[in-house]
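All the letters of the sequence shown, read from the start, carry residue numbers 2 to 238 under the working numbering.
Since the hints were derived computationally from the structure, they do not count as laboratory data.
Wrong hints could be hidden among the right ones.
Below, simulated BS3-like cross-link-like pairs (lysine-lysine); rule was C-alpha separation at most 30 Å, straight line [to be verified]:
#	residue 1	residue 2
1	Lys227	Lys198
2	Lys174	Lys198
3	Lys227	Lys174
4	Lys70	Lys105
5	Lys213	Lys201
6	Lys135	Lys173
7	Lys174	Lys207
8	Lys198	Lys173
9	Lys80	Lys126
10	Lys105	Lys73
11	Lys106	Lys73
12	Lys92	Lys126
13	Lys105	Lys126
14	Lys174	Lys213
15	Lys92	Lys207
16	Lys227	Lys213
17	Lys164	Lys207
18	Lys227	Lys135
19	Lys164	Lys70
20	Lys227	Lys206
21	Lys215	Lys227
22	Lys201	Lys164
23	Lys173	Lys201
24	Lys173	Lys126
25	Lys80	Lys135
26	Lys227	Lys201
27	Lys70	Lys106
28	Lys198	Lys164
29	Lys164	Lys174
30	Lys92	Lys111
31	Lys73	Lys164
32	Lys70	Lys92
33	Lys167	Lys207
34	Lys105	Lys92
35	Lys206	Lys174
36	Lys73	Lys111
37	Lys126	Lys73
38	Lys173	Lys106
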Amino acid sequence: MAQSSRNKPGVEVFGENDSKMKATDVAFVMQNSFDKNKKVIIGAVVAVLVLVGGYFGYKYLVQAPGEEKAMKDLSYVQKWFEVDSVNSVLKGDGQHPSALTVIKKHSGTKAANLAKYYAGISYLKTGDVNNAIKYLSEFNGEGTVVANLAQGALGDAYMDAGKTDKGIESYKKAASNENDQYTSALYTFRAGLASEKAGKLEDAKKFYKEIKEKFPNTLQARDVDKYLARLGEISID
């Protein structure tokens, strides 16, 4: 009688009580599968390595030196900004680049982002509210110490441009960090004034009351009662 498959080593057996492949057969199937697909598998691995290598290569060989050069250019803008030399911030000094040049030359860098803040504030000081709005709107303040100030300045620019509703929204964002009582009280107060100007008197009352409740030790809190009295909310003897 011919030897049955049950007695042949390395051949899978399916019997009444057998439901698993033998280890040798599993290894054979896996090897066979890899042999058939190894070009695809190796290609995928190589592609991942290229992507990872490209990322770190870009980060350390391109991005890092680019940031360093951008910050060097921005350092002159920062010095002019600190001494309120608005003209130099926006136009440079003939030897070093302006904030606008940094934005264009080093697009995508942290330095270019900060340059938008310097440009926006400088335009606001010159009365060019449209450019102030443009650059302050483009500035990403997340993680910077000037995030709230930038939003507050944007509110000022909107108010100067006659866009009261947008001004109020920017002031509210500027006042959102209650850990900074100075800026929060300041911009909550401006939101109140802007609301009065827009005829939103109930909103104005709400902002003024918020100053009294949340920021009682600030300069704005000292005078807020007279604004509430003006709106008929309280009486002052």
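A quick look at each hint next to the structure:
no.: 1; hint: Lys227 with Lys198; in the structure: 16 Å, holds
no.: 2; hint: Lys174 with Lys198; in the structure: 19 Å, holds
no.: 3; hint: Lys227 with Lys174; in the structure: 25 Å, holds
no.: 4; hint: Lys70 with Lys105; in the structure: 13 Å, holds
no.: 5; hint: Lys213 with Lys201; in the structure: 19 Å, holds
no.: 6; hint: Lys135 with Lys173; in the structure: 19 Å, holds
no.: 7; hint: Lys174 with Lys207; in the structure: 16 Å, holds
no.: 8; hint: Lys198 with Lys173; in the structure: 16 Å, holds
no.: 9; hint: Lys80 with Lys126; in the structure: 17 Å, holds
no.: 10; hint: Lys105 with Lys73; in the structure: 15 Å, holds
no.: 11; hint: Lys106 with Lys73; in the structure: 12 Å, holds
no.: 12; hint: Lys92 with Lys126; in the structure: 14 Å, holds
no.: 13; hint: Lys105 with Lys126; in the structure: 22 Å, holds
no.: 14; hint: Lys174 with Lys213; in the structure: 19 Å, holds
no.: 15; hint: Lys92 with Lys207; in the structure: 43 Å, violated
no.: 16; hint: Lys227 with Lys213; in the structure: 12 Å, holds
no.: 17; hint: Lys164 with Lys207; in the structure: 21 Å, holds
no.: 18; hint: Lys227 with Lys135; in the structure: 36 Å, violated
no.: 19; hint: Lys164 with Lys70; in the structure: 38 Å, violated
no.: 20; hint: Lys227 with Lys206; in the structure: 11 Å, holds
no.: 21; hint: Lys215 with Lys227; in the structure: 18 Å, holds
no.: 22; hint: Lys201 with Lys164; in the structure: 14 Å, holds
no.: 23; hint: Lys173 with Lys201; in the structure: 15 Å, holds
no.: 24; hint: Lys173 with Lys126; in the structure: 22 Å, holds
no.: 25; hint: Lys80 with Lys135; in the structure: 23 Å, holds
no.: 26; hint: Lys227 with Lys201; in the structure: 17 Å, holds
no.: 27; hint: Lys70 with Lys106; in the structure: 10 Å, holds
no.: 28; hint: Lys198 with Lys164; in the structure: 11 Å, holds
no.: 29; hint: Lys164 with Lys174; in the structure: 16 Å, holds
no.: 30; hint: Lys92 with Lys111; in the structure: 20 Å, holds
no.: 31; hint: Lys73 with Lys164; in the structure: 37 Å, violated
no.: 32; hint: Lys70 with Lys92; in the structure: 19 Å, holds
no.: 33; hint: Lys167 with Lys207; in the structure: 18 Å, holds
no.: 34; hint: Lys105 with Lys92; in the structure: 13 Å, holds
no.: 35; hint: Lys206 with Lys174; in the structure: 18 Å, holds
no.: 36; hint: Lys73 with Lys111; in the structure: 12 Å, holds
no.: 37; hint: Lys126 with Lys73; in the structure: 25 Å, holds
no.: 38; hint: Lys173 with Lys106; in the structure: 33 Å, violated
Of the numbered hints listed earlier, those contradicted by the structure are 15, 18, 19, 31, 38.
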